[in-house]
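These protein sequences, in sequence, are chains A and B.
213 is the number of the first residue of the first sequence in our numbering; add one for each residue after it.
56 is the number of the first residue of the second sequence in our numbering; add one for each residue after it.
I should point out that these hints are in silico values taken from the structure, not numbers from a laboratory.
Fair warning: there could be bad hints in the mix.
What the hints assert, rightly or not - Label-pair ranges, simulated between beta-carbon atoms:
hint	chain 1	residue 1	chain 2	residue 2	range
1	A	T308	B	D163	36 to 42 Å
2	A	R281	B	H87	18 to 24 Å
3	B	D143	A	T308	33 to 39 Å
4	B	E67	A	R281	16 to 22 Å
5	A	R281	B	I85	26 to 32 Å
Said to hold, decoys possible - List of simulated lysine-lysine pairs, DSS-like, C-alpha gap at most 27 Å:
hint	chain 1	residue 1	chain 2	residue 2
6	A	K246	B	K57
7	B	K82	B	K133
8	A	K249	B	K155
9	B	K98	B	K133
Said to hold, decoys possible - A few chain A residues that don't get close to chain B, going by computed Cβ distances all over 10 Å:
hint	residue
10	A216
11	V237
12	P306
13	R371
14	Y385
Only a predicted model underlies this, so the values are computations on that prediction, with no experimental measurement involved.
The beta carbon of each residue, even a glycine, is placed where N, CA and C say it ideally should be.
Next come the chains, spelled out residue by residue.
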Amino acid sequence: MKLALSSEKNAEILSVTGPIVAHDVNVLRAGIQKILKTGKNKIVLELVQSESVPAEVLRTIASIDLIARELSGRIVLAGITPGLRTRIDAFAQPPTILCFETRAQAIEFLTAPPKPEVGPEESKPAESELKLQADFSNLRERVAELERRNKLLEEQVVRTTIARRAPPNEAVYLAKIRNLEAKIQEFLATPPPTSPAPASAAAPKA
Amino acid sequence: MKTTAQEIMSTEVLTIQEGAPVEDVLKLLINHRITGIPVVNAKREMVGVVSEYDLMAQIAKVDSANKVDLSAPFEYTKGARTISTGTDLDEVVHQMLDQKFRRLPVVDEQNKLVGIITRRDIIRMYYYRARLT
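Here chain B stands alone, though its shape is the one from the complex (with noise of 0.2 Å):
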């Protein structure tokens, strides 16, 4: 039987409305140590992705690093690679290496975000397949 991806992905995922400002989403990632959080829409659909080199390309634009606006809304990579629910753990895997994805945000039918697999989650599985076996 195959593993898919709504098997393994977390279900509790942190994301981030489009719109926000630069303070919140540079919160988000240094207090809970991740690199990049889905950006949705109000109806919750995804949209892309903000990633530590999304905002560090935002702040480089600015002449002085005194000068960042943290009021200013982020700036994201819009239409970020997702997968859907059904998605084989194969594929899952092959587009993490080919593309050196470090996350993959799953997505419904409605291109709702219902979770996210992370490399650590893939690592982890690995991990335990190999001491239950």
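Extracted from the complex, chain A is given alone in its bound form (with noise of 0.2 Å):
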């Protein structure tokens, strides 16, 4: 296994060519690490001639990679074949590290602009959520409506209690008036109702 260094599009590219074996893989890890200890986080490993990569060398490659992406970097494979592939991804399950089958496509994927935190379809609510906002908006648009015919109703009562009480001209004002005085009058002509002499006085003593 032999490591050559490059640099392209602000990615390091770490290429290893020749067969990678399992005592490879401190070698591997002293290069990783060199470049991560400069600052530089997007890393390209590209495989070349390589038709397997050992187990525990790619162990070594998922724990770097997460300390890379602490700080929004990653490590990538390029070169990778598909049956090659298949076996990487089959070595955790989901998938720990990425494959590129070229160089360029993971110089593309590490030096792509960040994507925005939440995208446009993670912004959207879910159908349940969106159901319950148009049934609350439906509820809220009923008890508007029911809080305005209400009030009518109360305008109404009191117009027509006014109306009631209030006559209409002089006419019916005087008449109403006229009427009450004859009420008056009847009242205070007729005598109070004698009131029954108490039970205990009429009871003859024993």
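Quick one: dock chain against chain with the hints and give me the complex.
Given below as structure tokens:
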């Protein structure tokens, strides 16, 4: 295994030529860590003529990738054949190491501008939430309509009460006064009813 | 082994050519969320730095903000401090701290811009060094 370092579009390319065996892991780790220690955290590990990657190497890449990602960096593999990709993807579920067929694809992925934290799809509320919002909106409209009708009815009651109490013209008003005076006169002319004698007074003494 | 500017600098540097309109600088600064850009001449030699401060100063000279001429050539700080590719990391850090530089353009022997080091590059590097020790 031979390592060669180059740089392209702010991504560091660590080309690994030749078959990778388990005891290469320390060399590979040292190479990646050396890059990270210069502050470069977008790293492409390009495999050239490598038909397999030992599990220990994948485990090491995954663990350093985690550290790179702490500051928005990433370590990805490039030059991966479909067969090798299947094996790398099966290494962990969900797959932990990103693989690309070509170096250009890997660089494009690493140097793409960051996506907004919340995408348009993610920002959309769920269907059930939309339904609840619609129901709530309908209810608020219904309440507003009922309050409006209630206010109208209250106004009607007030108007009707006043209309019944207040005569429409002077003649009716005078007639109403006369009627009231007649009732007063009648009331005054009527003798007060005699109250019955108390029961104790009427009862014979024992 | 000492770390040099070449090892830590970003090689993809946004630049603007002197004489470009204010509008171009404004858009570069805002759309890339940066506070300053190295200014180069036609030979890509570093001639200065244009920052938000420079733009504010240029805009403030106009009577009214509505009268800012976006097509006018931008003004910039000429002869901004640069470092060479072989500058030691300690020297880079001290220059940033002592002079309060946000960024240090890196130039080669012909004064051609080859990279840039920002405060963020430095703190990112320190972070990884601490994590991987």
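Okay, the hints, checked on the actual structure:
1. A:T308 <-> B:D163: 36 to 42 Å: 40 Å, holds
2. A:R281 <-> B:H87: 18 to 24 Å: 22 Å, holds
3. B:D143 <-> A:T308: 33 to 39 Å: Holds - the Cβ-Cβ distance for B:D143 and A:T308, about 37 Å, lies within 33 to 39 Å.
4. B:E67 <-> A:R281: 16 to 22 Å: 21 Å, holds
5. A:R281 <-> B:I85: 26 to 32 Å: 28 Å, holds
6. A:K246 <-> B:K57: With a Cα-Cα distance of about 13 Å, the restraint between A:K246 and B:K57 holds, given a limit of 27 Å.
7. B:K82 <-> B:K133: Holds: B:K82 and B:K133 sit about 21 Å apart, inside 27 Å.
8. A:K249 <-> B:K155: 24 Å, holds
9. B:K98 <-> B:K133: Status holds; Cα separation ~16 Å.
10. A216: Given that every Cβ of chain B is farther than 10 Å from that of A:A216, nearest at about 16 Å, it holds.
11. V237: A:V237 clear of chain B: closest Cβ-Cβ about 15 Å, beyond 10 Å.
12. P306: Nearest chain B Cβ is 24 Å from A:P306, so the label holds.
13. R371: Since the minimum Cβ distance to chain B is about 58 Å, A:R371 lies beyond 10 Å and the statement holds.
14. Y385: 72 Å, holds
Comparing the model with each numbered hint stated earlier shows that all of them hold.
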